[in-house]
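Q: For reference, the chains in residue letters:
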Amino acid sequence: EVQLAESGGGLVQPGGSLRLSCVASGFTFSNYWMHWVRQAPGKGLVWVSRINNDESTITYADSVKGRFTISRDNAKNTLYLQMNSLRAEDTAMYYCARSKVVGATMFDYWGQGTLVTVSS
Amino acid sequence: DIQMTQSPSTLAASVGDRVTITCRASQSINSYLAWYQQKPGKAPKLLIYTASSLETGVPSRFSGSGSGTEFTLTISSLQPDDFATYFCQQYDSYSTFGQGTKVEIK
Chain A
1 EVQLAESGGG LVQPGGSLRL SCVASGFTFS NYWMHWVRQA PGKGLVWVSR INNDESTITY
61 ADSVKGRFTI SRDNAKNTLY LQMNSLRAED TAMYYCARSK VVGATMFDYW GQGTLVTVSS
Chain X
1 DIQMTQSPST LAASVGDRVT ITCRASQSIN SYLAWYQQKP GKAPKLLIYT ASSLETGVPS
61 RFSGSGSGTE FTLTISSLQP DDFATYFCQQ YDSYSTFGQG TKVEIK
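From first to last, the protein sequence lines are chains A and X.
Under the working numbering, think of the first position of the first sequence as 1, with each following residue one higher.
Under the working numbering, think of the first position of the second sequence as 1, with each following residue one higher.
It cannot be assumed that every hint is accurate.
To be verified - Looking from chain X toward chain A, a few residues come up when the C-beta cut is under 8 Å (computed):
(1) Ala34
(2) Pro44
(3) Leu46
(4) Phe62
(5) Ser63
(6) Phe83
(7) Gln89
(8) Gln99
What the hints assert, rightly or not - Keeping only pairs whose Cα atoms sit at most 25 Å apart, straight-line, the calculated SDA-like set for lysine to any residue is:
(9) A:Lys100 to X:Pro59
(10) X:Lys106 to A:Gly42
(11) X:Lys45 to A:Ser7
(12) X:Lys45 to A:Gly66
(13) A:Lys100 to X:Leu54
(14) X:Lys42 to A:Gln82
(15) X:Lys45 to A:Gly16
(16) A:Lys43 to A:Ser25
(17) A:Lys43 to X:Ile105
(18) X:Lys42 to A:Ala88
(19) X:Lys45 to A:Ser21
Hints in this document: simulated from the structure, not taken from any laboratory.
Here the structure is a predicted model, which is why all the values come from computation and not from measurement.
Every residue gets a Cβ at the ideal spot worked out from N, C-alpha and C, and that includes glycine.
When you get a sec, could you build the whole thing from the sequences and use the hints?
A: Take a look at the structure:
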C-alpha cells in the first residue's frame with residue numbers, strides 16, 4: 001500500500017525556518033517525481049514545488065522561489081522541504097504528493113499533511 | 001500563468017441527482033486536466049486525469065469530459081459519500097487548481 005507521511009510542521013515566527021519531511025512507503029520512491037502542495041485554512045490548493053528522481057529537475061512556484069528548497073534522499077525514501085524567511089501567507093497545510101506520470105504535475109497519492117503556522 | 005475558474009462555487013443537491021461542475025482554463029491546456037475530491041480534514045483524492053480517464057478504484061458514476069479550455073465533471077447519480085469539495089487542476093504548464101466547488105446536501 002502506498003503511503004506518504006509528512007512531519008515537521010508547527011508554529012514559527014515570521015522570518016523563521018522549518019524543515020518538512022515526507023516518508024514514503026509501499027512503492028519504489030526513487031522511480032517517482034515528487035511534489036509539495038499547500039492549502040491555506042479554508043482556501044484552495046496551491047502547487048509549491050517539484051523534484052524529479054535524481055534531483056536534476058527542480059521547480060518552484062514564484063511565491064516561494066528563493067526561500068524554499070526541495071530535496072530528497074532516495075536511500076531513506078524521504079522528501080524534504082526547507083522553508084526559510086517564512087511569512088504569514090505561508091501558513092497552510094503542506095501535503096507531499098506523488099506524480100502519477102513521469103514529469104506530470106498531477107498526483108495520484110497524497111500524504112495526510114502537516115500544518116505550518118507562521119505567526120508572532 | 002494559466003488561471004482555472006470553476007463554477008459553481010457551491011452546489012446544493014440531493015442523493016440521486018445528476019451533478020455537473022464546470023472548469024474553464026484561461027488558455028488551452030489540451031487535455032491536461034484532473035479532478036480531485038476533498039473531504040474536510042482529508043487530503044485530496046484523484047478522480048479523473050487527462051480530462052476523461054477514470055482513476056483506478058473510482059466509481060463509474062464519476063466522469064469527465066472536455067478539451068482545450070472547457071471541461072466538466074459529472075456525477076451521474078449523487079451518493080451520500082459524494083458530498084465533498086471538488087477541485088479541477090491543469091497540468092499543461094506546471095499546475096494550477098480551480099477554487100473548488102462544494103457539493104452540499106439540499
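Q: Would you mind marking each hint as holding or not holding in the structure?
A: Against the structure, the hints come out as follows:
1. Ala34: Cβ of X:Ala34 sits 5 Å from chain A, so the hint holds.
2. Pro44: holds (6 Å)
3. Leu46: holds (5 Å)
4. Phe62: violated (15 Å)
5. Ser63: This interface hint is violated because 18 Å lies over the 8 Å limit.
6. Phe83: Violated, about 17 Å.
7. Gln89: The hint holds - X:Gln89 has a Cβ within 8 Å of chain A, the shortest such distance being about 7 Å.
8. Gln99: holds (5 Å)
9. A:Lys100 to X:Pro59: Holds: A:Lys100 and X:Pro59 sit about 19 Å apart, inside 25 Å.
10. X:Lys106 to A:Gly42: Roughly 21 Å separates the two Cα atoms, so the pair holds.
11. X:Lys45 to A:Ser7: holds (20 Å)
12. X:Lys45 to A:Gly66: Measuring from Cα to Cα gives roughly 30 Å; hence the hint is violated.
13. A:Lys100 to X:Leu54: Given pair A:Lys100, X:Leu54 holds - Cα atoms ~13 Å apart, limit 25 Å.
14. X:Lys42 to A:Gln82: Status holds; Cα separation ~24 Å.
15. X:Lys45 to A:Gly16: violated (32 Å)
16. A:Lys43 to A:Ser25: Cα-Cα ~29 Å, so violated.
17. A:Lys43 to X:Ile105: Between A:Lys43 and X:Ile105 the Cα gap is close to 21 Å, so the pair holds against 25 Å.
18. X:Lys42 to A:Ala88: holds (23 Å)
19. X:Lys45 to A:Ser21: holds (21 Å)
Of the numbered hints stated above, those contradicted by the structure are hints 4, 5, 6, 12, 15, 16, listed in ascending order.
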